[in-house]
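Number of protein chains: 2
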Amino acid sequence: MSHELIVQKYGGSSVANLERIQAVAKRIVATKTAKNNIVVVVSALGDTTDELEAMALKLNEDPPDREMDMLMSTGEQISCALMAIAIKALGYDAISFTGAQVGIKTDRSHTKARIRTIEGKRTKKALAEGKIVIIAGYQGVTHNNDITTLGRGGSDLTAVALAKALNADVCEIYTDVAGIYTTDPRIVKEAKKLKTITFDEMLEMASLGAQVMQARSIEVAKRFNIPIHVRSSFSKEEGTMIVKDDDKLEDISVRGITCNKSEAKITICQVPDQPGVAAKIFTEISKIGVSVDTIVQNVSHTRHTDISFTVPKVDLTKAFATAKKIAQKIKAGEVLEDRNIARISIIGSGMRSHTGIAAKMFQTLAENKVNIEMITTSEISISCIINQDLSDKAVKALHKEFNLESV
Amino acid sequence: MSHELIVQKYGGSSVANLERIQAVAKRIVATKTAKNNIVVVVSALGDTTDELEAMALKLNEDPPDREMDMLMSTGEQISCALMAIAIKALGYDAISFTGAQVGIKTDRSHTKARIRTIEGKRTKKALAEGKIVIIAGYQGVTHNNDITTLGRGGSDLTAVALAKALNADVCEIYTDVAGIYTTDPRIVKEAKKLKTITFDEMLEMASLGAQVMQARSIEVAKRFNIPIHVRSSFSKEEGTMIVKDDDKLEDISVRGITCNKSEAKITICQVPDQPGVAAKIFTEISKIGVSVDTIVQNVSHTRHTDISFTVPKVDLTKAFATAKKIAQKIKAGEVLEDRNIARISIIGSGMRSHTGIAAKMFQTLAENKVNIEMITTSEISISCIINQDLSDKAVKALHKEFNLESV
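Chains A and B are the protein sequences, given in the same order. Just so we're aligned: 31 in numbering that gives the first Met the number 0 is position 32 of the first sequence, and the numbers increase by one with no gaps anywhere. Just so we're aligned: 122 in numbering that gives the first Met the number 0 is position 123 of the second sequence, and the numbers increase by one with no gaps anywhere.
Hints listed in this document are in silico derivations from the structure and should not be mistaken for laboratory results. Model, not experiment: these values are computed from the prediction. Please note: incorrect hints may appear among the correct ones.
Identical copies go unnamed one by one, so any copy, or any two together, can satisfy a pair.
Stated by the list, open to error - When the alpha-carbon atoms are kept at most 27 Å apart in a straight line, the in silico DSSO-like pairs for lysine-lysine are as follows: (1) K286 with K87; (2) K124 with K104; (3) K192 with K395; (4) K279 with K324; (5) K87 with K324.
Put together the whole structure using the sequences plus the hints.
As structure tokens, this is what we get:
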């Protein structure tokens with residue numbers, strides 16, 4: 000008898016309280032039949048992770064990463080135990096495991112560990128015994144048996160990596176939205192749910208601000224070609240399939256629009272226009288552990304130039320202080336910061352073979368009197384940094400202009 | 000250089016909130032010097048364990064033991080991580096470990112596991128590196144890597160077992176009271192703190208309701224002769240030393256009085272007075288995992304007898320249901336339950352060589368119009384089951400009668 004294996008991941012909002020855990024437990028047992036096996040990955044209950052982090056920060060402004068992982072990993076351990084307990088109450092056999100127990104081995108980069116290998120033995124044994132297997136998301140263990148976590152959104156990665164390790168037929172990501180939308184339905188009420196989206200498009204959308212799935216997990220799904228079904232844990236409705244290719248989509252150039260308000264901009268004015276200066280600036284910034292996104296260097300007519308770059312808002316304070324130090328050292332001018340920016344991006348695999356899309360985007364923004372401060376492009380996306388106050392207006396205009404209302 | 004090794008255990012009330020964790024962290028670093036090593040065992044924060052249990056019981060009236068251990072063990076994991084984080088904030092190096100990580104191997108009796116071995120390697124390595132080692136109490140791991148817990152109060156056992164495994168010089172149990180008292184000071188305000196108490200006396204007191212330390216941990220301390228210092232985490236005052244023998248105590252017959260309200264009584268009426276009937280009853284009760292304490296079979300003048308026994312209140316419902324089933328099967332009469340009982344006990348090693356103590360106890364109770372429902376004795380204790388409403392009165396009277404106010 001051939002068995003189908005389904006990996007399901009339920010996010011924090013799907014298990015935010017005991018009633019929701021019970022609802023999810025019912026959903027899981029409804030899926031479990033004699034013909035298939037189910038592995039369930041759960042996130043921590045609702046805001047548990049934030050609460051634990053807040054406690055640690057009250058005790059220590061700079062808590063050690065290893066201890067943070069020890070602390071934060073408990074959230075998922077609690078939810079997976081409760082889920083197994085809820086499933087057992089429905090008369091089905093379930094067993095919960097920590098990341099360590101199912102052999103999710105990671106490197107030693109605490110708080111942002113990378114999975115190296117997954118030992119599937121214990122999981123397979125439990126499945127063979129007919130058990131529904133519940134695994135704590137977001138965590139693993141080093142070869143030295145220290146608990147690690149995979150970074151925010153890491154439960155998605157756990158699910159996808161398990162789907163690969165166990166050779167699952169499908170990986171379902173349950174969340175509080177019905178799937179992937181052309182843009183954020185809270186901004187544009189005409190936003191449409193996509194039936195399918197490619198890994199590349201999803202990856203761009205996740206990187207550019209769509210918060211439905213963690214970017215790293217999509218990379219892994221893409222690398223191993225694991226189809227992902229993103230759907231709501233509150234309805235039976237089909238969600239969005241994330242797949243390798245979607246032939247039907249050839250003609251549609253723009254598939255989605257994202258808006259990311261989590262960045263801030265730093266500008267170093269009057270930077271001496273000499274070789275090696277940019278390298279010096281960004282080496283110093285990377286040394287303090289801040290990742291820089293877009294960098295723009297203005298065309299210089301004099302011996303000086305302005306260099307602008309974006310950093311995560313949470314890192315602005317330290318990045319700004321470092322930028323000021325560098326500016327002094329390299330004899331540059333003033334250093335400016337701007338928290339009030341948004342990154343608006345249009346995404347679509349079809350953009351590769353279509354021309355004029357960028358022009359259309361810039362034209363639409365211009366017509367709406369939205370000034371473009373910075374521009375970056377990838378093979379399948381174009382992003383503009385604009386004033387945050389205008390971002391909703393810009394998203395609405397672009398959504399309409401690229402006909403996403405009629406997808 | 001010879002190092003002293005101190006094992007300290009802090010109970011739930013000592014780490015009930017972040018302020019208390021910080022206070023304990025300060026206390027720990029004050030004890031840590033170049034000359035000694037410290038291993039700290041922590042319980043879960045305040046009521047965490049109760050809260051987790053309540054969640055599980057809402058999902059499942061009879062939650063599976065393995066999953067309960069998975070759930071409940073997180074409480075201690077959280078507190079030990081927070082303690083390490085708090086100590087690091089004071090500039091000292093600390094590292095936290097789960098029971099599994101320091102190799103506390105137990106049998107497979109989930110929710111009441113027994114420690115088999117403790118692998119001291121990882122702890123010793125961390126101590127050799129000058130770190131303060133924080134270990135999650137109350138938990139271990141089976142050889143199959145399943146998380147187990149040691150039963151309520153299990154953190155005491157963790158501390159004592161670690162003191163033995165690491166060959167510690169002393170084991171300090173920090174709690175919210177200043178030591179061991181002649182009786183519960185909340186009931187008798189004249190209760191006195193004892194300077195020393197023997198393992199045997201402490202064992203009786205713990206078994207009979209004194210909640211300062213878990214009985215099993217005292218057994219282990221006794222077996223390996225590990226001196227224990229029970230003291231308050233809120234003051235520097237010396238507490239009570241639990242030791243093997245205390246010569247000075249020879250003349251004092253009664254050292255403490257306990258009152259335990261956690262039991263309930265079941266009576267099976269008109270049990271046919273045939274060989275094997277009692278065995279049948281208590282075999283069935285033990286099969287459902289309920290431990291019976293006192294058993295009394297009334298003297299029988301007919302062919303029928305009444306059998307009464309006490310069980311933990313939490314197990315009353317299932318024990319009562321089972322008792323009713325057995326009663327039908329063996330053709331006994333009515334089955335009665337009584338939640339309103341208390342066990343009053345007097346304890347003292349000196350009782351071995353003193354006569355008339357039991358008589359004095361019964362006389363005192365009679366004078367106070369307290370009816371005795373059941374009696375049990377051990378070599379160093381006498382217990383009476385009485386009406387719970389009269390228990391405070393009984394404790395006060397006995398405390399006075401045995402001159403414990405002037406210890």
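Here is how each hint holds up against the structure:
1. K286 with K87: Between copies only: 21 Å across chains, 49 Å inside a chain, cut-off 27 Å.
2. K124 with K104: both (18 Å within a copy, 22 Å between copies)
3. K192 with K395: Result: close within a single copy only, 16 Å intra versus 73 Å inter.
4. K279 with K324: Within one copy only: 12 Å inside a chain, 83 Å across chains, cut-off 27 Å.
5. K87 with K324: Answer is between: at 26 Å across copies they meet the 27 Å cutoff, but 58 Å inside does not.
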